[in-house]
Each structure stands twice: as C-alpha cells, then as structure tokens.
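The task is simple: from the sequences and hints, build the whole structure.
Heads up: the protein sequence lines correspond to chains A and B, in order. The numbering of the first sequence is my numbering, which starts it at 1 and goes up by one. The numbering of the second sequence is my numbering, which starts it at 320 and goes up by one.
Think of the hints as simulated: they come from the structure by calculation, not from any bench. Heads up, some of the hints might be wrong.
Unchecked claim - Pairs of lysine to any residue residues, derived as SDA-like cross-links and limited to a Cα-Cα distance of at most 25 Å, are as follows: (1) A/286 to B/392; (2) A/317 to A/224; (3) A/157 to B/432; (4) B/470 to B/404; (5) A/127 to A/81; (6) A/294 to B/551; (7) A/294 to B/565; (8) A/127 to B/547; (9) A/294 to A/305; (10) A/297 to B/574; (11) B/432 to B/538.
Claimed, not checked - From the structure, some residues in chain A lie toward chain B, with a derived Cβ separation under 7 Å: (12) 96; (13) 97; (14) 101; (15) 113; (16) 136; (17) 146; (18) 185; (19) 277; (20) 287; (21) 296; (22) 311; (23) 315; (24) 318.
No residue lacks a Cβ here, since even glycine has one placed at the ideal position from N, Cα and C.
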Amino acid sequence: MAGILVIAEAVDGVIASISGELIGAAKKLSGEGAGSVTALVAGDAGLAQGLIAAGADNAIAATNGALATGTVDAYIPAIEAAIAQTGADIILLGQTSLGRDLGPALAFKFGTAVAMDCVDVTIDGGKLRATRSAYGGNARAEVGFRNSPAVATIKAKSFDAPAGAAGSGSVSTIDAAGDSRVKVIGTSKADTTGIRIEEAEVVVSGGRGLGDESAFRMLEELSGVLKGATGASRAACDLGWYPPSQQVGLTGKTVSPNLYIAVAISGASQHMAGMSGSKNIVAINKDGDANMVKVSKFAIVDDYKKVVPALIEEIKKLA
Amino acid sequence: MNIIVCVKQIPDPETPAASFKVDEVAKKVIPAQGIAPVVNPYDPQATEAALRLKDADGGGTVTVISLGAETARDAIKHALAMGADEGILITGPEFDGIDNFQTAKALAAAIQKLGGADLVLMGRAAADWDMGVVPTGVASILGVPAVTLAKAITKSGSVLTVERVLDDGFQTVEVNLPAVVSISNEFGEPRYPQLRQIMLAAKKTVQIWGAGDLGIGDQLGAANRDLTLEALYVPKVESNVEIIEGESPEEKARNLAQKLRAAKLI
Ligand SMILES: Cc1cc2nc3c(=O)[nH]c(=O)nc-3n(C[C@H](O)[C@H](O)[C@H](O)COP(=O)(O)OP(=O)(O)OC[C@H]3O[C@@H](n4cnc5c(N)ncnc54)[C@H](O)[C@@H]3O)c2cc1C
Ligand SMILES: Nc1ncnc2c1ncn2[C@@H]1O[C@H](COP(=O)(O)O)[C@@H](O)[C@H]1O
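Put into structure tokens, the structure is as follows:
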C-alpha cells in the first residue's frame, strides 16, 4: 500500500496530543502493511520536525499562513499536494473542530468516504477497516472503504502516541492553500484557567440531577481538592449551568482520567461515549438502577447534597 | 429568502441500552418494542433556525426534505406544524441500506431539482450513525460553502454571520449565500407545535419523490455504498460495582473516601 497521511494539529505552536495519537494509529497500520507514515501540519519546518520526533517517518510543513484560519477551503489544496507527493491512500485526522469539517470535505472532494470518530483502525485484506460507535454508543460498527484514499477521523484517547521512536525521514514543505469562502471574523477561547479536562487525572462531572447551577461550585470544590477538572453532562450544559467546552460525551470532550466521579448523571450512552475509557468510575446517584451506577467501580446511592460536602471534608482530612 | 431544511427520522436516541438490539446478520438495528422513531433531535433546531431567518427576512418559503421510509412523513409533518411551508419525502426501496454519502447525493439532487435554495439548513449529525457528514457533503456536491455547528445565525443582505461551536470556544464567521449550515444543540430549544398549527399542517402538501425523480437510481442500493458496513453489534459492558454502604449519606461519603485512599485513587 502507498502510505498514510496524518493531518496533525498544533495549538499555540505546540503539537496537539491528538496528533501523537494519530501517529500511533498510523504506525499501527504501517506495521500491518499500509506503507510509510507522513504527517502534515500547518506551520513551519521546525514544527513539522516535531512530528518526526513524535514517530512519523516523514513530515510536511504546510507553510501557507491561510491555513491558520482552519477552514476547509484553505486546507484542501495543501492536502491534495501532499497526496500527490506521497501517494498516500489513507488519510487520518483527529475528531476535532478541524477534522469534523475536513474529513467529510476530503471524502467528497476525492469521491471516496470518511468514517468519523473511529476508536480503532486496522488493515484487512489490504484495505482500511475502521471501528466506530453508532447509535449514541449503543452499537459498534465496523466499516470498510470502496475507494481510496480512505479517510478516517480518530476519536481522542483511542491510541497511544508511539513511545520514544523518532522517525528517520525528512521534512518537506508545501505552500499551497485555497481562498476560503468562509471568512473567520473572530474566535473566542473558552476560559482555560485550571487543568484542562482532557488532560486531568481526576474529573468530577455533574448532571441534570444537581438541580441548579450553584451546585457546580460544590463540584468545583471537590475537583479542587483532588487537583482535577470539572465537567458536565450535556443536559447540564444545555440548561446553561456549565460551559459547553466542559461537556463530556459524544458531542463534547473525550476524557480518560484515572478517576471519574459522576454526580447526578444517569449514564446515557452518549455521555458514556466521552468517559467510558476512564480507569476508575465513581457514581453518586440517588437511583441505584442508574446506568452510571452499574458501570462504576464504587457507587453511593444517595442524595449528592449530603454526600459531596462530607466527601470533600473527609478527603481534606486524608490529605 | 428560500430555505431548505433537511430532517431525518431515526430510532429514538434515548432508547435505553437494555432495549437496544441489533440483528448482527442483517447488520440492522431491530426497532425497540413500543418506542416510536423520532425526528433527529438537531433537525427541529434547524427548522427553528429556518423559521426565524424567514421571519427576520420578511418572506420566502421554508421547504422540508426527508429521505427515509414512508413513516418519515411524520418528521416532515412535525416541521410543517412548526411552521415550514411544504414538504418533500424521498422514499423507495432503492434507498434501503444506503450510506451517508449516497444520502448526500440524493439530497443534493433533490435540492437541485427544486432549483436550489438561498440557504440549506441541517442538523450537526444524525443520531443514528453519528457521522455528521451530510451537510459538508451536500455543500460539496452543490459547490457552495458549508458552515458547521452553528449556535446562532443572522443575515444581512446576502451575507450570513454564523456563530459556531469549536472544541475550545466559539468562532464567528461570515459566508455569502447560497450556503449550507448545520445546527448544533447550543442553538437552543425549537418551538413546540401548537394544536392549531398541527391542524393547519395537515393541509400542507407533501410531495413524494422516488429514485427515478432524482435521476440517481444507478448510485443507490446497499451495493453502491462508499462506506461498506462490515459488522454491527452491541458492545458488551460488565457491571462490577461495589455499592458503598453506611448509616447516613455522610458515613457513606467517609467510607468512599477511605476506599478511594485504599485503592490509591486519591
Ligand atoms: C445526538 C445526541 C448527542 C448527545 N451528546 C451528549 C453528550 O455529549 N454528553 C452528554 O452528557 N449527553 C449527551 N446527550 C444526551 C444524553 O442522551 C442524556 O440525555 C444526558 O446525558 C442526560 O444527562 P444527565 O445524566 O445529566 O441527566 P438525566 O438523565 O436527567 O439524569 C439525572 C440523574 O441525576 C440523578 N439525581 C437526581 N437528583 C439527584 C440527587 N439529589 N442526588 C443524586 N442524584 C440525583 C437521577 O437519578 C439521574 O440518574 C446526547 C443526546 C443525543 C440525542
Ligand atoms: N435521510 C435524511 N433525510 C433528510 N436529511 C438528512 C438525512 N440524513 C442526514 N440528513 C441531514 O444531515 C444532517 C447530518 O446527518 P449525518 O451527516 O447523516 O450525520 C442531519 O441532521 C439532517 O439534517
């Protein structure tokens, strides 16, 4: 096979963790006979060098400044040039703001297909096969591709970044970019003070059962004493109780902390889709039949209003 | 302004895991007993966006398209009851088992048959396959720009200003019409049809188009999928929960803290 093109991303000039995971996925495919791994990133050669250090065989710096806007129109000519240069027949992207748009746009541009939000990829009979969840996480689907290049976006935390194996190839540059029909006027970043939820070792999340917004201050205190981050179910976010950037689930963040404490969250499949990779789950729910209780390691079946303050006090004592 | 909204009928995404079953041989979901299919939850939000834009613009029509089984007429009726003007149901055996890429081709063909639109609105993803590719796909086929994950839309002249949801914040973009925009849940609650509107909707026309009307018959059928479905199953989840006991909620909390400490989790 002719190779894999990874579309890497950088945040504030630093290669994003999803990019290492994509290279991990690509190396796995490469080991199964899919050819060499080339990773492309919008930025300069120095940034692209980081992709080789992260394990890519070769890297491409897409240097045109227009790519910084992250629009599909800007990116497509650069990726077409990268495909022409490498002959790659598999394109991997992250399930990120960029990948969600670019994955489908590339598939339709090339007249092929994209599998979104994949949790596994493998080579089967010389072709890409991808595993993804469907029906809100109630089902798993394995999909194949009729034509190439096959495109897949990869769900965060589905692969490990390759451990300490730098590639041996070189960095080339591509300057192509397209004029964007979509004009970016402004971007507002969510408040990222504190620990980023995707990287936190402990996440305390609250749901609709909290009953009101102020209860999140209690959860923030709990995550504070545990040096973790605070998250929310979509029901809580939709009620305006917590910012959508902290939403965990199918349409929110994917987290896999060592400890996930779900407070007054029922455990709908769409929420589980964002946290089922957590190493240890604790449920605090007044309903013993709640799905979250069933999937947890430890559960307290009681009113969170009494449980959480006592838990905070006891943890402070143990500290 | 003429707006087309695409709405999909899907199995209820809130179907409890215990009632969710799959026929692994047919690679199909078995409809859950007593749980009726629903409109994809983002699609009424797309309809809401269309109605608000039409009102703000002071005229035009909102046309609803749904591709699906005969029952998808209910999804169209819902949009008509919300206030959309007319509906088109794309149905027929050729559409059975098609993928999102074929769906995009069929919807684009239907939009072209309607003479295009100033704006096509869709949901961010259909909560059956959870793909989120049809909006970008239809835009690509029609040769117009796509803006995804909108939480607010305003129009001034032929320019649309869209506030969209990013992984870590929000972004404001401008795009010239015609365009395709997909709506995210942050857009807010759609209106709920009142009885009078439901009665009015019964009088609105729903045209039925088949593969032949769209001239894409040769690209349909499960055999022409670009994304082949190799397997479909329900992932296994095991329960090994330890319920923390105690005389009072406070005592349970203390016991949990001790357990977490013993397990070196805190
Ligand atoms: C397409 C789609 C995408 C979605 N994406 C997401 C997503 O990304 N993330 C997400 O979270 N959801 C998502 N959802 C929504 C999901 O289906 C559920 O509706 C949602 O997760 C429910 O949130 P919840 O658990 O907070 O609320 P509920 O289901 O209402 O649960 C509240 C829980 O609180 C408990 N409770 C109530 N009072 C107390 C108390 N005093 N003490 C202790 N416990 C109490 C109740 O027993 C119950 O278990 C999506 C849905 C769809 C259709
Ligand atoms: N069969 C269909 N009929 C009408 N609209 C659809 C259909 N499939 C997808 N759509 C539209 O495309 C959006 C995204 O769907 P998808 O890309 O399949 O996840 C949905 O929210 C609908 O607005």
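Notebook entry, point to check: Looking back at the numbered hints, which does the structure fail to meet, lowest number first?
Noted result: 1, 3, 19 and 20
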